[in-house]
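**Student:** Read off the chains here:
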Amino acid sequence: MSATCEFQAKDFKSDLKPIWCPGCGDYSVVQGIYRALAAIGRAPHEVAFISGIGCSSRIPGYTTAYGFNTVHGRALPIAQGIKLANPDLLVLAAGGDGDGFSIGGGHIAHLIRRNIDITYIVMDNQIYGLTKGQLSPTSQKGRTTCTSPYGSLENPVNPLLYVLAYGAGFVAQASPTDLAGMAATLEEAIRYPGFAFVNVQSPCVTYGEEAQQIKGLKAISESLAAIGHDPADRLAAMDLAQHYGSKMHLGVFYKNPEPPPTYDALIRERQAQLSQGAPPKERILDLFIKK
Amino acid sequence: MRKDLVFGMAGSGGDGIVSAGDSLLQAASAEGYHGVMTKSFGSQIRGGESSCRVRISTDPVLNPGGNLDVAVALNWEDFLKFGAELPVAGTTVVIYEAATGVAENQIPLVGVTPLQVIAVPIAAMAKETAGTERAKNTVVLGLIAGWFGIGGEAVMKGISKKLAKKSQELVEANQKAFDSGVAFAKSHPLKADMTIVPSASKGAVKLLTDGNDMCAAAAIFAGCQFFGGYPITPSTEIMQFFTNHVWKYGGAVLQAEDEIAGIGAAVGASFAGKKAMTATSGPGLSLKSEMMGLASIAELPLVIVDVQRGGPSTGLPTKTEQSDLFAAAFSAHGDVIRPVLAPTSVADIFRTTVEAFNIAEYYQTPVIILSDQEIASRKETLDPIDTSQFKIIDRLKPTGSDLQDYKRFKQTENHISPISHPGMLGGTYLASGIEHVESGAPTNSGSVHARMNDKRIKKLDPLKDRKDLFEITGNPDAPLALVAWGSVAGVCREALQMAREQGLDVKLMVPYLLYPVAEQTYRDFFVSVQKGLVVEQSHLAQTFKVLRMHLDLPKGLQSLARSGANPFLPGEIVAALHQLLAELQRSHEGKLQPQE
Ligand SMILES: Cc1ncc(C[n+]2csc(CCOP(=O)(O)OP(=O)(O)O)c2C)c(N)n1
Ligand code: SF4
Chain A
1 MSATCEFQAK
11 DFKSDLKPIW
21 CPGCGDYSVV
31 QGIYRALAAI
41 GRAPHEVAFI
51 SGIGCSSRIP
61 GYTTAYGFNT
71 VHGRALPIAQ
81 GIKLANPDLL
91 VLAAGGDGDG
101 FSIGGGHIAH
111 LIRRNIDITY
121 IVMDNQIYGL
131 TKGQLSPTSQ
141 KGRTTCTSPY
151 GSLENPVNPL
161 LYVLAYGAGF
171 VAQASPTDLA
181 GMAATLEEAI
191 RYPGFAFVNV
201 QSPCVTYGEE
211 AQQIKGLKAI
221 SESLAAIGHD
231 PADRLAAMDL
241 AQHYGSKMHL
251 GVFYKNPEPP
261 PTYDALIRER
271 QAQLSQGAPP
281 KERILDLFIK
291 K
Chain B
1 MRKDLVFGMA
11 GSGGDGIVSA
21 GDSLLQAASA
31 EGYHGVMTKS
41 FGSQIRGGES
51 SCRVRISTDP
61 VLNPGGNLDV
71 AVALNWEDFL
81 KFGAELPVAG
91 TTVVIYEAAT
101 GVAENQIPLV
111 GVTPLQVIAV
121 PIAAMAKETA
131 GTERAKNTVV
141 LGLIAGWFGI
151 GGEAVMKGIS
161 KKLAKKSQEL
171 VEANQKAFDS
181 GVAFAKSHPL
191 KADMTIVPSA
201 SKGAVKLLTD
211 GNDMCAAAAI
221 FAGCQFFGGY
231 PITPSTEIMQ
241 FFTNHVWKYG
251 GAVLQAEDEI
261 AGIGAAVGAS
271 FAGKKAMTAT
281 SGPGLSLKSE
291 MMGLASIAEL
301 PLVIVDVQRG
311 GPSTGLPTKT
321 EQSDLFAAAF
331 SAHGDVIRPV
341 LAPTSVADIF
351 RTTVEAFNIA
361 EYYQTPVIIL
371 SDQEIASRKE
381 TLDPIDTSQF
391 KIIDRLKPTG
401 SDLQDYKRFK
411 QTENHISPIS
421 HPGMLGGTYL
431 ASGIEHVESG
441 APTNSGSVHA
451 RMNDKRIKKL
461 DPLKDRKDLF
471 EITGNPDAPL
481 ALVAWGSVAG
491 VCREALQMAR
501 EQGLDVKLMV
511 PYLLYPVAEQ
521 TYRDFFVSVQ
531 KGLVVEQSHL
541 AQTFKVLRMH
551 LDLPKGLQSL
561 ARSGANPFLP
571 GEIVAALHQL
581 LAELQRSHEG
591 KLQPQE
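Protein chains in written order, with the UniProt record's numbering: chain A, 1 to 291; chain B, 1 to 596.
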């Protein structure tokens, strides 16, 4: 691809200095995103990067793309409005596990069923970072946090199974333990024509658990490619996804080998079809003339 | 002969009362009359009771009218459920189904003796002529044509057109049912002449539509390219009309998973550079409030239509009220002002909607259109609207020099900053709900926050000077005054006419801009006012309180407010004005007494 030489990772890095804690996993995620975007070759002004609220949701500001740091849990609805209004844009959405699976949990199913061509990156640190360490929907059962002082009684959400079950066409997981792999996975997600989900393990060094830090993640990581997983096999992907929490499989769990048309493409078709011979909009009131 | 007739009809869900009203209004419109139709249901969708009120006039109509001239009850139980909406008086002709078994001198209308009461075997006539009781509504239309001289040919033409798609037999059966109604009317003459004056403008082009369809059409005309919403009565038809038509103009619609996603998608579309809108009713407006705050601080144009119904919560889902003013003006956290506009009629919602988009785009702000169930679902005949007289305003885009060192939230003289959108080279920026400096970079600085609040609020000030967003009628120096907005304004316009005919010196203010409150415009209006009424359908008198919050009101200005659903009648307002005048005269006499 010739386009890939046009941009370098640094072209996507903004002048804003991240306010994340030193050592936060989100630093790696943004590096992965710079690399992936450079590889894609779309200019920064053609990229819209939308987030919710949380430490992780600060991420659009650290890129040179058009960014929108919105409200808690609502990155996806806003991102889809952007894509439907202008399907030519490359649209990314990102946020934390609380943002995506707790307050915003209701939206994912609907973007998946509409199959809107957006890449959704969840920076999963299994904790609420910005609000200082409360239980998150991906926290393990029994975990003590400031809102679960005697240990959580709740079962965690399994993000991978969740989106696989809803029928997402592209589901992957990445981790800063393998930055090159993360960049490659993100690039593949962005290239996938349809809704793509990437769960990125992103350690919270301030409120996170030992097992969630780089060392812990390394110990349980395993490359899906290395174990010979076939990303076209959805059932096998679901099987592997069951290990979320105990095993950190990295790479593409599932990629629909025959991607169905996206909602945004279908919209374009409908617009083209129905606009033929339509009266100018200045004459719209003629519809109300009764003879 | 009359210039104006108000019909009220009620029956059970399957009686086809609303479709009879529709046919009558369409026929009247085809015959060149003006008219308006409102409908009302119990909150169940099918089955249950339904009613409609059709007002037909040789002159333009300002509201659905007061007491009924003609009441049609297919059964009394259902009719009585709409007591206040279908008020029967001593001037009303009552027609009812004979099969109810109620004798003419025993009709269950407490405290009123109608002008005339006639029992008609409507169901039996339908059965006999058309072979089915389902033709009852056609019999009723025949009765109306026979007695009141309206809807004859045109009504059957409309019905035939509709039924011809099904079968010719059905057309013939309905023609017979219709004729039987006409024949019954001819053989049972009315005591008084209640026929309507033939319309002078027969054959003139008229539009016929309701407020929701008109709102959606206006949005498309104004250049709206995106609608995100979630169904809720009584706003849903806005989304339906939009989804029927906007694709042709390159736009798109999203029926989202909830109200938050609906407005979220619209916020996204606006960020992407397109004109966008969402529509909802009370419960949905509550859900949308966080996103409205986001659009305010991110300075994104957005139009939000709130079709008010009775609240709080699910309240009275199918009936009208004006109780969302507080929510529209104030439901947000932080210091924020968003313009709130209100239409007063179907014709008017065209102008209001175009204006809402223009204000949203020009000032880069969310704007709320406070419609109400009555305007939204009532049908009106209108004269054609000259769309070429409307100016369409688009947001200020950055030019070459702005893009040299682009600052999205740049402080300018009028506080309005050029706005770029994704895809525009040189315009990249970070939009956010978090406070930001001119470039869009997040900040925690209290002084920047104060400055930015000032920018966002001050940019709207010029709106308050817009005299064209207020309608003032009557004698400008009158000591008596009315203030009303939304569908209630139509009732007050008619009350004003009546009061002036009765010699009262009174004026009326109808604000189309409810918020921000245009203090000076009201002050100027109130200069001559010694007594007056703010008329509204809200138990808390929200309008009165919002005005009082922003300016000193004349001592004699009172609130005439009640919960919605039961409409104000023009006569009731005129009576209240007479009382105010009497009080005024007494207090003047008091002043003339020598002081002891
Ligand atoms: C409507 C609303 N509710 C609550 C909050 C407070 N809040 C901000 S971020 C956050 C959770 C952050 O956790 P997560 O999404 O996992 O992101 P992280 O900070 O860990 O990256 C919460 C509860 C808010 N901003 N808005
Ligand atoms: S609190 Fe945790 S998630 Fe937030 S910036 Fe610090 S390390 Fe990162």
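Bear in mind the hints are in silico, worked out from the structure with no lab data behind them.
Everything numeric in this text was worked out from a predicted model, so none of it was measured.
Hints may be right or wrong, so weigh each one.
Said to hold, decoys possible - Derived lysine-lysine pairs resembling DSS-like cross-links, with alpha carbons at most 25 Å apart: (1) B:248 / A:290; (2) B:407 / A:17; (3) A:281 / A:215; (4) B:458 / A:290; (5) B:458 / B:555.
**Student:** Run the structure past the numbered hints and jot down the numbers of the failing ones, going up.
**Tutor:** 3, 4 and 5
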